[in-house]
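Number of protein chains: 2
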Amino acid sequence: MKNYREMTKEECQKELAVVSARYDALKKGDKKLDMSRGKPNPAQLDLSMAMLAQSPFELITTRKGTDVRNYGELAGVDECKELFADLLGLKQENIIMGGQSSLNLMYDSIVRALLLGVYGGSKPWGQQGQLKFLCPVPGYDRHFAICEEFGIEMINIPMDDNGPDMAMVKEYVESDPSIKGIWCVPKYSNPTGITYSDEVVRAFAALKPAADDFRIFWDNAYLVHGFRDEDDQLLNIFDACKEFGSEDMVYEFISTSKVTFSGAGLAVLAASPNNVKFILKQMGVQTIGYDKINQLRHTLFFGDADGVRAHMKKHAALMAPKFDCVLDNLNKEIAPRGIGSWHEPKGGYFVCYQGLPGTAKRTVALCKEAGLTLTGAGAPFPYKKDPNDNVIRIAPSYPDVPMLEAAMKLFCVAARMAALEVLLAE
Amino acid sequence: MKNYREMTKEECQKELAVVSARYDALKKGDKKLDMSRGKPNPAQLDLSMAMLAQSPFELITTRKGTDVRNYGELAGVDECKELFADLLGLKQENIIMGGQSSLNLMYDSIVRALLLGVYGGSKPWGQQGQLKFLCPVPGYDRHFAICEEFGIEMINIPMDDNGPDMAMVKEYVESDPSIKGIWCVPKYSNPTGITYSDEVVRAFAALKPAADDFRIFWDNAYLVHGFRDEDDQLLNIFDACKEFGSEDMVYEFISTSKVTFSGAGLAVLAASPNNVKFILKQMGVQTIGYDKINQLRHTLFFGDADGVRAHMKKHAALMAPKFDCVLDNLNKEIAPRGIGSWHEPKGGYFVCYQGLPGTAKRTVALCKEAGLTLTGAGAPFPYKKDPNDNVIRIAPSYPDVPMLEAAMKLFCVAARMAALEVLLAE
Numbered sequence: 005m006k007n008y009r010e011m012t013k014e015e016c017q018k019e020l021a022v023v024s025a026r027y028d029a030l031k032k033g034d035k036k037l038d039m040s041r042g043k044p045n046p047a048q049l050d051l052s053m054a055m056l057a058q059s060p061f062e063l064i065t066t067r068k069g070t071d072v073r074n075y076g077e078l079a080g081v082d083e084c085k086e087l088f089a090d091l092l093g094l095k096q097e098n099i100i101m102g103g104q105s106s107l108n109l110m111y112d113s114i115v116r117a118l119l120l121g122v123y124g125g126s127k128p129w130g131q132q133g134q135l136k137f138l139c140p141v142p143g144y145d146r147h148f149a150i151c152e153e154f155g156i157e158m159i160n161i162p163m164d165d166n167g168p169d170m171a172m173v174k175e176y177v178e179s180d181p182s183i184k185g186i187w188c189v190p191k192y193s194n195p196t197g198i199t200y201s202d203e204v205v206r207a208f209a210a211l212k213p214a215a216d217d218f219r220i221f222w223d224n225a226y227l228v229h230g231f232r233d234e235d236d237q238l239l240n241i242f243d244a245c246k247e248f249g250s251e252d253m254v255y256e257f258i259s260t261s262k263v264t265f266s267g268a269g270l271a272v273l274a275a276s277p278n279n280v281k282f283i284l285k286q287m288g289v290q291t292i293g294y295d296k297i298n299q300l301r302h303t304l305f306f307g308d309a310d311g312v313r314a315h316m317k318k319h320a321a322l323m324a325p326k327f328d329c330v331l332d333n334l335n336k337e338i339a340p341r342g343i344g345s346w347h348e349p350k351g352g353y354f355v356c357y358q359g360l361p362g363t364a365k366r367t368v369a370l371c372k373e374a375g376l377t378l379t380g381a382g383a384p385f386p387y388k389k390d391p392n393d394n395v396i397r398i399a400p401s402y403p404d405v406p407m408l409e410a411a412m413k414l415f416c417v418a419a420r421m422a423a424l425e426v427l428l429a430e
Numbered sequence: 005m006k007n008y009r010e011m012t013k014e015e016c017q018k019e020l021a022v023v024s025a026r027y028d029a030l031k032k033g034d035k036k037l038d039m040s041r042g043k044p045n046p047a048q049l050d051l052s053m054a055m056l057a058q059s060p061f062e063l064i065t066t067r068k069g070t071d072v073r074n075y076g077e078l079a080g081v082d083e084c085k086e087l088f089a090d091l092l093g094l095k096q097e098n099i100i101m102g103g104q105s106s107l108n109l110m111y112d113s114i115v116r117a118l119l120l121g122v123y124g125g126s127k128p129w130g131q132q133g134q135l136k137f138l139c140p141v142p143g144y145d146r147h148f149a150i151c152e153e154f155g156i157e158m159i160n161i162p163m164d165d166n167g168p169d170m171a172m173v174k175e176y177v178e179s180d181p182s183i184k185g186i187w188c189v190p191k192y193s194n195p196t197g198i199t200y201s202d203e204v205v206r207a208f209a210a211l212k213p214a215a216d217d218f219r220i221f222w223d224n225a226y227l228v229h230g231f232r233d234e235d236d237q238l239l240n241i242f243d244a245c246k247e248f249g250s251e252d253m254v255y256e257f258i259s260t261s262k263v264t265f266s267g268a269g270l271a272v273l274a275a276s277p278n279n280v281k282f283i284l285k286q287m288g289v290q291t292i293g294y295d296k297i298n299q300l301r302h303t304l305f306f307g308d309a310d311g312v313r314a315h316m317k318k319h320a321a322l323m324a325p326k327f328d329c330v331l332d333n334l335n336k337e338i339a340p341r342g343i344g345s346w347h348e349p350k351g352g353y354f355v356c357y358q359g360l361p362g363t364a365k366r367t368v369a370l371c372k373e374a375g376l377t378l379t380g381a382g383a384p385f386p387y388k389k390d391p392n393d394n395v396i397r398i399a400p401s402y403p404d405v406p407m408l409e410a411a412m413k414l415f416c417v418a419a420r421m422a423a424l425e426v427l428l429a430e
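Quick note, the sequences are listed as chains A and B, same order.
Add 4 to the 1-based position in the first sequence for our numbering, that's all there is to it.
Add 4 to the 1-based position in the second sequence for our numbering, that's all there is to it.
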């Protein structure tokens with residue numbers, strides 16, 4: 005197998021003919037393959053069915069005697085807050101239980117900041133002219149969609165295997181008061197799969213923002229989503245912040261959407277006691293409280309934080325073979341040809357394929373034409389603009405392994421075609 | 005028994021001595037009575053326990069095959085939308101299933117209007133200077149709290165037994181483009197218990213707002229909450245709107261917080277197809293979808309709209325004796341003394357006591373001192389300012405009947421004391 009970048013034009017031409025024929029063969033038949041979103045497979049959802057089979061009479065009363073079927077307990081049920089505090093290395097006072105969608109919590113946090121302001125801020129974001137957010141890229145499309153919706157300008161921050169370029173982050177955050185936030189998926193990052201190094205986390209904690217109302221949106225979506233024996237270790241940002249007295253700068257978000265049920269799990273906002281008190285006062289105007297039956301249901305099902313970790317081992321057993329499949333195909337078909345690179349994540353939901361510049365859209369289109377839906381090229385970037393058109397997010401969780409095998413075969417052929425076309429056009 | 009307003013000062017003085025002694029006697033002991041909020045009693049919550057006991061394997065797949073445990077279906081599960089559409093006399097296309105709190109839906113609707121604008125509006129509310137809402141009074145404190153939170157000026161609109169003063173509503177809405185909305189609880193109104201007449205509903209539908217982005221917030225919280233054999237009939241506002249082509253002007257809200265579980269039920273936003281499409285586009289940035297397992301759980305539990313109505317009969321059997329108790333006490337102790345009036349509601353959650361001017365705060369304080377918590381005086385008014393200090397919301401749902409009997413005894417004594425004090429000070 006030859007590195008495409010070392011081939012002559014003639015060799016490329018020949019190879020393209022071979023690969024195109026292979027592509028045409030794969031295109032035949034009515035395939036419906038989907039690797040577009042980080043959706044759990046039904047087998048993963050089955051892992052939590054026992055949670056729904058608990059006796060309803062266990063789901064009535066909290067340990068302090070609150071009837072969870074009735075109004076009240078805006079911040080959530082104590083034992084549930086305790087469980088998630090343990091999982092996050094925090095205290096109950098840091099926790100707000102917030103419905104079933106962490107995306108919704110993030111959106112609402114930005115809405116409150118815009119209309120009402122944040123703890124310690126002199127006025128609402130919305131009264132301060134043009135606002136900006138920093139966006140480590142590639143990143144999560146739904147984060148960027150929130151900024152776009154509210155006209156918040158997004159600035160790309162490059163990432164490497166240790167996390168965002170913190171010199172650049174520091175330069176922006178400490179010089180420009182219109183920068184109000186930064187989006188982070190610090191562990192098994194969406195989509196690159198890397199985990200921020202301790203040094204990067206400490207650099208976040210050490211930031212001295214020019215704005216008095218800057219917030220780090222720490223979307224720890226894949227906190228417990230390692231699927232290898234060895235798990236990446238993410239430094240607890242609140243621990244790091246203690247040294248600098250900067251705890252008020254961080255909003256952390258997690259959910260059980262990929263632990264129990266997607267859309268019927270629990271979402272958590274973790275923050276300093278100052279932020280929690282401030283947010284609860286605002287939140288009390290929005291709602292009397294979120295679904296406490298579901299909070300008790302989850303708490304009884306897991307027992308404690310170790311219960312969550314044990315449960316995630318079952319997910320790991322289902323996820324690992326899928327990542328094996330994706331990586332095996334890439335390592336076999338792409339690596340020797342020198343036309344793409346990727347991080348091999350130990351957890352999370354994605355593999356991030358970085359091809360030759362100018363190949364992402366074409367690869368996605370070729371796959372689509374042959375019956376495989378991928379996340380749109382550009383999606384991992386603000387305004388859907390991938391400056392090099394070379395990043396593709398691969399989401400292997402939903403299909404089963406045989407489907408995935410077929411999908412990856414097709415993907416690799418499409419990626420090779422796109423690469424050859426670009427090399428020939430050079 | 006004598007009408008207090010026909011008594012001489014001397015008689016009043018004598019009566020006050022008698023009533024005060026009675027109050028002092030009632031004050032003894034360590035009472036903890038609560039009639040402050042419209043909370044269901046645990047016996048009402050017990051009525052829905054079977055909903056939680058359904059087989060989890062029934063709670064997986066919708067009729068069109070969607071796995072409700074996974075992401076998707078932003079607007080909700082079809083069969084669930086259908087059920088609530090039937091209940092509201094609408095179609096599936098009018099329905100958005102939105103989490104478990106209608107208050108949250110109302111808050112979010114106002115947030116979206118402020119930041120992004122509404123269907124047909126030329127720009128977001130938030131870019132149009134000082135905004136105003138009309139508030140029929142007495143009304144629901146949590147509605148008013150939303151306006152206060154966002155600095156929306158509230159204008160009191162008087163109500164009678166047919167609903168708000170529609171001449172005044174028309175005058176405001178049709179002349180002032182800064183008026184962006186009106187809060188309505190059209191059936192078994194919170195707190196007066198009246199239901200808007202057909203004429204009033206038609207007058208709403210006929211409004212020609214000066215603003216291109218005015219909305220009626222039609223909080224139909226007590227739609228199915230009649231507890232007498234005869235139920236008030238509320239004209240379907242969307243039917244009324246058809247005549248005037250004004251369907252886009254209405255947002256209707258309901259929830260099952262007082263049907264199944266408070267805080268773990270379902271909330272619904274009903275609107276014209278134009279509004280629904282517009283809102284879903286905005287909502288899709290906020291969340292991937294609400295709890296569909298809970299939607300299927302409710303749908304299977306009720307079967308259909310008639311199932312909801314049948315279920316509410318069970319609530320009625322628990323609620324009616326409580327309203328009997330409140331009304332019996334008022335009719336016996338207050339009516340003949342001519343110091344208060346109230347509507348006798350056939351449904352809903354409240355009796356609205358209107359005493360002599362200047363007696364509400366005093367009555368509530370006297371009750372508090374003797375161990376009975378009532379909704380704060382002033383709460384049913386914008387900015388908590390009851391212009392006549394004479395309205396008290398009585399919420400009889402939570403206590404059981406013996407507790408309620410004790411609470412009402414105390415209430416009547418306190419109300420008499422407050423009235424006598426005012427009459428003596430005249």
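Among the hints, erroneous ones may be present.
One copy or any two copies: either way a pair holds, since identical chains are not told apart in the list.
[Said to hold, decoys possible] The calculated lysine to aspartate or glutamate pairs, modelled on EDC-like cross-linking and capped at a C-alpha distance of 20 Å, are:
| # | residue 1 | residue 2 |
| --- | --- | --- |
| 1 | 36 | 373 |
| 2 | 136 | 203 |
| 3 | 212 | 38 |
| 4 | 365 | 169 |
| 5 | 336 | 90 |
| 6 | 68 | 90 |
| 7 | 285 | 180 |
| 8 | 388 | 10 |
| 9 | 285 | 152 |
| 10 | 212 | 34 |
| 11 | 35 | 169 |
| 12 | 136 | 164 |
| 13 | 136 | 337 |
| 14 | 95 | 164 |
By construction, these hints were calculated from the structure, which means they are not laboratory data.
Which of the numbered hints above does this structure break?
2, 3, 4, 5, 7, 8, 10, 11, 12, 13 and 14
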